[in-house]
Amino acid sequence: MNLTLKIWRQKNANDKGKMVDYQIGDISGDMSFLEMLDLLNDQLINKGEEPVAFDHDCREGICGMCSLYINGEAHGPDRGVTTCQLHMRMFKDGETIFIEPFRAKAFPVIKDLVVDRSAFDRIQHAGGFISVNTSGNTIDANTIPVNKHDADDAFSAATCIGCGACVASCKNSSAMLYLGAKISQFALLPQGKIEATDRVLNMVKQMDEEGFGNCTNTGACEVECPKGISLENIARLNREYLSATLKG
Amino acid sequence: MSGILNSSIGRKFAMALSAFFLMVFLLQHFTINLLSVISEDTFNNVSHFMGTFWLVQYVLQPVLIFGVIFHFIMGFVLEVRNRNARQISYAKNNGNANSTWMSRNMIWSGLAILAFIGLHFYDFWLPEINTKFIEGDMSGLLPNGEYRYFEELQHKFVDVWRVVLYCIAFVFLALHLLHGFSSAFQSTGANNKYTKGLQGFGKAYAIIIPLGFVFIALFHYFNH
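Chain order of the listed sequences is E and L. All residue numbers for the first sequence refer to full-length UniProt numbering, where the first residue is 1 and numbers rise by one. All residue numbers for the second sequence refer to full-length UniProt numbering, where the first residue is 1 and numbers rise by one.
Take the hints with a grain of salt, since some may be wrong.
To be verified - Across the chosen pairs, the derived CB separations fall in these ranges:
#	chain 1	residue 1	chain 2	residue 2	range
1	E	Gly228	L	Glu151	33 to 43 Å
2	E	Asp116	L	Tyr194	32 to 42 Å
3	L	Asn6	E	Gly228	30 to 40 Å
4	L	Trp101	E	Met90	22 to 32 Å
5	L	Lys193	E	Gly80	17 to 27 Å
Stated by the list, open to error - Under 10 Å between C-beta atoms, here's a sample of chain L residues computed to sit facing chain E:
#	residue
6	Ile4
7	Arg83
8	Ser99
9	Ser187
10	Asn191
11	Thr195
12	Lys196
13	His224
These are calculated hints, taken from the structure and not from any lab test. By construction, the Cβ of each residue, glycine as well, lies at the ideal position given by its N, Cα and C atoms.
Extracted from the complex, chain E is given alone in its bound form (with noise of 0.2 Å):
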């Protein structure tokens, strides 16, 4: 198929940017979406232009590195999976993709559709842990009972991969659904009931100084998450820190 790409162009992050347009033909409809971005870098580097910066690891929908906006939505048109998942069979012959980099404050672009999501990791370091002793008598998580259900709610928290796709799908970038994750995952379980309360004030307190927005319960982060991280953890998320404060 032949596409006309709008990709947001962006040489650093003082650059002002815009969107520039491609052609690019002979698209497969088995091709995933980075795989079209590769051969048009590749066309870009035989024509001796730069090629377009996109953020990308494993390729198996795990790593949470890709984060593309892709026609209005982020990992594109497909649900619960990433950009690198996402294949080309999802558009038509000669349609006009918009490709643009996941747009936050908290999330500034560093060059052309890679941006600096390390908001999120200093989220994590100010609270998304649990402390044990690892000094050679750690005791094994299995001997402590949990209850089947939170076990799994647990789990499902756990597969968020923190690529960002709640903030940029969030009319108002706010990180609730990943911070909601984070701190169902430890709250569920035994383990993290210890550090409970620290755990999500400072967290929620991290979150607001790197400029995230108020979630006003749209859902779009819900519909949009590669991972099918559910709005339930947002409400776990209200109740613990409402709970924190309390008890604070």
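Given chain E, work out where chain L should sit, using these hints.
Relative to chain E, chain L alone:
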């Protein structure tokens, strides 16, 4: 605890609490207005009670006004902060693919309701305050000795444009409630096995109450 309004979650929790209060008030307001369709005398008696009972006038009314002002100010604060969180917009954004129009435009439906409240205060609340607290007439009576409330209500719905404005405002109220009802529960952390049922109840509430207000306005327009 003191800094709860300085946090994103604290602000949305406060927004939800004020929303719950306003939704309860709306139901009460609708119930009393509906009496005007059923019985003129009952409407007059209840209106006089509400307009003169000290608990309603000096406790609940100030709390209500505070609730309305708080909800709007907090709504604006959240809107400004949220707009600031994305300084460059997308060239193409397909919001309809993942969220409802109502959820994305609460500020606009809210502004329409704010404008309506201005008109509503001008129509009913300011004349009421003037009669009771400036002219000092707490009797609630007309010169002919009958209660004034029903007549004042019908008098306002003579003008077709006022009726149209009221009906338009109630459409915006319905749009606001269609997202706001379930959103308030989510903001307070309520997302469990009852959520589906609550969402259904919320949709019914968001449609029935505004539609009822429209019915009352049209009833008095065609029956004055």
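Hint check results:
no., hint, in the structure
1, E:Gly228 - L:Glu151: 33 to 43 Å, "violated (59 Å)"
2, E:Asp116 - L:Tyr194: 32 to 42 Å, "holds (41 Å)"
3, L:Asn6 - E:Gly228: 30 to 40 Å, "holds (32 Å)"
4, L:Trp101 - E:Met90: 22 to 32 Å, "holds (24 Å)"
5, L:Lys193 - E:Gly80: 17 to 27 Å, "holds (24 Å)"
6, Ile4, "holds (6 Å)"
7, Arg83, "holds (8 Å)"
8, Ser99, "holds (4 Å)"
9, Ser187, "holds (6 Å)"
10, Asn191, "holds (3 Å)"
11, Thr195, "holds (8 Å)"
12, Lys196, "violated (12 Å)"
13, His224, "violated (41 Å)"
Hints 1, 12, 13 from the earlier list are contradicted by this structure; the remaining hints agree with it.
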